[in-house]
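There are 2 protein chains.
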Amino acid sequence: MKRILVDMDGVLADVYTRYFELHREVTGQQMTVNDIAGLLEAEAFPLQLEWAATPGFFRSIPLMPGSLNGLKRLNETYDVIIVSLATEFPNSLIDKQLWLHDHFSFIKWQQIVFCGNKNIIKADVMIDDHPKNLDHFNGDTILFNQPHNMLLTTPRHRRVSSWEEIEKLLIP
Amino acid sequence: MKRILVDMDGVLADVYTRYFELHREVTGQQMTVNDIAGLLEAEAFPLQLEWAATPGFFRSIPLMPGSLNGLKRLNETYDVIIVSLATEFPNSLIDKQLWLHDHFSFIKWQQIVFCGNKNIIKADVMIDDHPKNLDHFNGDTILFNQPHNMLLTTPRHRRVSSWEEIEKLLIP
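So the protein sequences, as listed, match chains A and B.
Reading the first sequence from the start, the letters are residues 82 to 253 in this note's numbering.
Reading the second sequence from the start, the letters are residues 82 to 253 in this note's numbering.
Pulled out of the complex, with its shape left as it was, chain A reads as follows:
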């Protein structure tokens, strides 16, 4: 059974919807994707690092549309491992695990990895929204479209914009 690494923020977790919401609460302004195209999260939202370090933040993120059904189907076909660069924000660890339990209760604790470097994990496929994680991965790479990566040319990675596209690519 092939092993597939699935990222959380920007793939399973719709972080931008939450960023836009918090930005509106703080500034009264409604941003759009085009306002922040090509900017990293911390460049687009000056308070992003503060939000990420706040207990409860990561548990409040909405689900990426289609991810519940998509991950369920992947989980029937692949050895699914959920991998998140969470050790940068220690407060995020329990929130992320509880968030996974809230939304994807079929994912067992044995399938979760919180780490600081994804390149040390052995797998066949990686789905991520950050090219820096995909670039050093030896297997098949799938780049999930997000504002921070939308201006980059990344011919090595297959780019998808939805979980429906992931299912079409990966499920026979």
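The list treats identical chains as one, so a pair stands whether inside a single copy or across any two.
Straight-line Cα separation of at most 20 Å, PhoX-like style, residue types lysine-lysine; simulated pairs:
1. K213 - K203
2. K83 - K203
3. K189 - K213
These are calculated hints, taken from the structure and not from any lab test.
Only a predicted model underlies this, so the values are computations on that prediction, with no experimental measurement involved.
Guided by the hints, dock chain B onto chain A, whose structure is given.
Positioned in the frame of chain A, the structure of chain B alone reads:
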């Protein structure tokens, strides 16, 4: 640079000293290593699973003697990754990361992995007290002596009883 995976509980963290202490507080009885030789932690200490699920428990564990100096020296010679099966106990995640920061501040967040299965990590050497983690590892394996493993015959793994022995084995 060779990558080495270093376990926390039973290798960096002297969990048995804390178990003996808690057992004495609860029952008034002083156990010895010989009382529990060959028993898994949860068999030796009926309250172990409860303790492990309690916030703060993992931050209260004393350091394994010699581990501070030993890990510092390994960190100068190897790509050290601290790996702990922590996702079984979500409350342990932040405690474990803060414990590492309390005692081994030279370990960066990029060097920490909390997971549910160590076999998915690529590395050259693994130090662990649980043969089940070492048995499926392809590289060099070092078994740290602990009461639960002391009656097992594990010829494939080099057995050590102290951090001084680890240094002798691994540092030129």
